[in-house]
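Given next are the chains, with one letter for each unit.
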Amino acid sequence: DTAVSQTPKYLVTQMGNDKSIKCEQNLGHDTMYWYKQDSKKFLKIMFSYNNKELIINETVPNRFSPKSPDKAHLNLHINSLELGDSAVYFCASSQGSAGEQFFGPGTRLTVL
Amino acid sequence: GQSLEQPSEVTAVEGAIVQINCTYQTSGFYGLSWYQQHDGGAPTFLSYNALDGLEETGRFSSFLSRSDSYGYLLLQELQMKDSASYFCAVRYNFNKFYFGSGTKLNVKP
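Line by line, the protein sequences are chains S and W. Heads up: the first sequence is residues 196 to 307, going by the numbering used here. Heads up: the second sequence is residues 25 to 133, going by the numbering used here.
Hints were generated in silico from the structure; no laboratory data involved. Note that the coordinates shown come from a computational prediction; the quantities given were computed from them, not determined experimentally. Watch out, some of these pointers could steer you wrong.
Pair ranges (Cβ atoms, derived) [what the hints assert, rightly or not]:
id : chain 1 : residue 1 : chain 2 : residue 2 : range
1  : S       : 202       : W       : 32        : 18 to 24 Å
2  : W       : 78        : S       : 278       : 41 to 47 Å
3  : S       : 210       : W       : 39        : 46 to 52 Å
4  : W       : 68        : S       : 208       : 25 to 31 Å
5  : S       : 278       : W       : 64        : 21 to 27 Å
6  : W       : 89        : S       : 272       : 40 to 46 Å
7  : W       : 38        : S       : 207       : 37 to 43 Å
Here are some chain S residues pointing at chain W (derived, C-beta under 7 Å) [said to hold, decoys possible]:
id : residue
8  : 202
9  : 265
10 : 301
List of simulated lysine-lysine pairs, BS3-like, C-alpha gap at most 27 Å [what the hints assert, rightly or not]:
id : chain 1 : residue 1 : chain 2 : residue 2
11 : S       : 236       : S       : 204
12 : S       : 214       : W       : 132
13 : S       : 231       : S       : 204
14 : S       : 266       : S       : 214
15 : S       : 247       : W       : 120
16 : S       : 239       : W       : 132
17 : S       : 262       : W       : 105
18 : W       : 132       : S       : 231
19 : W       : 105       : S       : 266
20 : S       : 204       : W       : 132
Glycine included, every Cβ here is placed at the ideal spot set by N, Cα and C.
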């Protein structure tokens with residue numbers, strides 16, 4: 196059983212389009228995250244979502260919006276895609292004060 | 025803000041011991057984590073230090089000195105499969121983590 200899953204694994208789209216990436220965790224964790232990893236492998240946190248509290252990294256453009264239908268899911272919706280959005284997006288989850296995060300397999304987004 | 029410094033690349037031979045250092049500056053501090061990431065893969069958790077001292081997990085150990093804002097990951101008995109990128113990450117808020125730029129470890133026969 197996959198602990199943290201993401202779909203799709205690859206996403207190729209045109210500039211200006213709107214797309215969503217889905218994430219699900221079956222670990223019963225209370226906090227979920229979205230990270231962006233650029234071509235230089237720098238991992239940057241975009242959002243964390245805990246008990247319906249959304250914490251947004253202030254540098255994330257408002258074209259990005261997380262949506263959590265329930266505790267096990269945190270989807271990422273991106274409007275008006277730009278070339279600079281091309282990256283690998285990772286979903287992750289953690290529980291309470293534990294320092295361990297479980298990462299999903301990643302979604303490679305390519306904007307043409 | 026937050027900043028982390030770790031070497032960009034380290035090379036070692038199979039069977040050797042390697043230490044990857046991480047120094048940080050942060051406005052808040054809850055703990056320091058280490059992750060391994062193979063090319064094309066996802067980061068996987070290695071260790072977490074919230075208190076000063078050494079944590080050992082098999083061939084991997086992690087150390088933290090909060091007074092020095094410094095930590096390191098020690099990998100012993102290196103194997104070819106340990107070739108990967110290693111990230112330190114500071115937890116500066118209960119739900120906020122800041123990752124370093126990663127250290128690429130090359131293990132040679």
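Going down the list of hints, with the structure as the test:
no.	hint	result
1	202(S) <-> 32(W): 18 to 24 Å	violated (33 Å)
2	78(W) <-> 278(S): 41 to 47 Å	holds (45 Å)
3	210(S) <-> 39(W): 46 to 52 Å	holds (50 Å)
4	68(W) <-> 208(S): 25 to 31 Å	holds (29 Å)
5	278(S) <-> 64(W): 21 to 27 Å	holds (22 Å)
6	89(W) <-> 272(S): 40 to 46 Å	holds (42 Å)
7	38(W) <-> 207(S): 37 to 43 Å	holds (39 Å)
8	202	violated (14 Å)
9	265	violated (18 Å)
10	301	holds (5 Å)
11	236(S) <-> 204(S)	holds (17 Å)
12	214(S) <-> 132(W)	violated (42 Å)
13	231(S) <-> 204(S)	holds (14 Å)
14	266(S) <-> 214(S)	holds (22 Å)
15	247(S) <-> 120(W)	holds (16 Å)
16	239(S) <-> 132(W)	violated (30 Å)
17	262(S) <-> 105(W)	violated (37 Å)
18	132(W) <-> 231(S)	violated (30 Å)
19	105(W) <-> 266(S)	violated (35 Å)
20	204(S) <-> 132(W)	violated (31 Å)
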